[in-house]
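Trainee: Sequence:
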Amino acid sequence: YKDALRKHKVQVRKKNICEIPFDDIYNQVGEAIKKLLAKPNPVTALYAVNNSIAKACLEHITEMNLRVPEDIALLSYDDIDVFKFCTPPVTAVAQPLHEIGDQAVDILLEMIKNNGKVKQANRQVILPAKIVKRKSSGK
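If you're matching positions, the sequence shown starts at 3 in the numbering used here and goes up one per residue.
Worth flagging that the hints you see were computed from the coordinates, not collected in a lab. A portion of the hints provided could be inaccurate.
[Unchecked claim] Only pairs whose alpha carbons sit at most 30 Å apart, straight line, appear in this in silico DSSO-like list of lysine-lysine:
{"id": "1", "residue 1": "57", "residue 2": "135"}
{"id": "2", "residue 1": "17", "residue 2": "132"}
{"id": "3", "residue 1": "119", "residue 2": "135"}
{"id": "4", "residue 1": "57", "residue 2": "9"}
{"id": "5", "residue 1": "115", "residue 2": "37"}
{"id": "6", "residue 1": "135", "residue 2": "121"}
{"id": "7", "residue 1": "37", "residue 2": "17"}
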């Protein structure tokens with residue numbers, strides 16, 4: 003996320019990045035949104051790094067009587083089928099899940115074949131993701 007901002011010459015504002023612990027997603031998301039909206043220059047969009055956080059964002063935005071995307075836009079990383087049925091449908095970054103599975107199996111088979119070793123131990127596999135634009139992101 004930060005690398006993408008820097009690449010496009012967008013200032014990274016650390017005060018607008020909230021880390022949400024997995025043990026209390028719902029409450030932590032609510033607190034984070036309240037803080038982000040209480041700032042002198044409140045955020046106009048939320049980027050959730052997973053489906054659980056995106057769901058909690060939608061719930062809290064609704065409870066606050068805010069409208070998506072008119073009052074605040076929402077984007078989630080990792081698309082799930084239910085996002086297209088939300089009101090409004092949620093814009094998401096879709097991961098190539100099938101390809102991720104293929105790569106994982108290939109690496110596992112290589113490890114089995116080579117007694118637990120992989121030829122390139124620090125191999126980095128980069129697979130393209132796709133933005134599925136729906137109404138939650140606005141324009």
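Trainee: So, for every hint listed, does it hold in this structure?
Mentor: Do the hints match the structure? See the list:
Under the criterion of a C-alpha separation no larger than 30 Å, the hint pairing residue 57 with residue 135 is consistent with the structure, at around 17 Å. Only pairs whose Cα atoms come within 30 Å are accepted, and residue 17 paired with residue 132 is accepted, the gap being roughly 27 Å. Note on residue 119 and residue 135: the hinted pairing is violated, with a Cα-Cα distance of about 41 Å set against a maximum of 30 Å. For the hint linking residue 57 to residue 9, the alpha-carbon distance of about 28 Å falls within 30 Å, and the restraint holds.
Restraint check for residue 115 and residue 37: the C-alpha separation of about 52 Å exceeds 30 Å, so the hint is violated. Taken as a hint, the residue 135 and residue 121 pair is broken in the structure, with Cα atoms around 39 Å apart against an allowance of 30 Å. Note on residue 37 and residue 17: the hinted pairing holds, with a Cα-Cα distance of about 10 Å set against a maximum of 30 Å.
Of the numbered hints stated above, those contradicted by the structure are hints 3, 5, 6, listed in ascending order.
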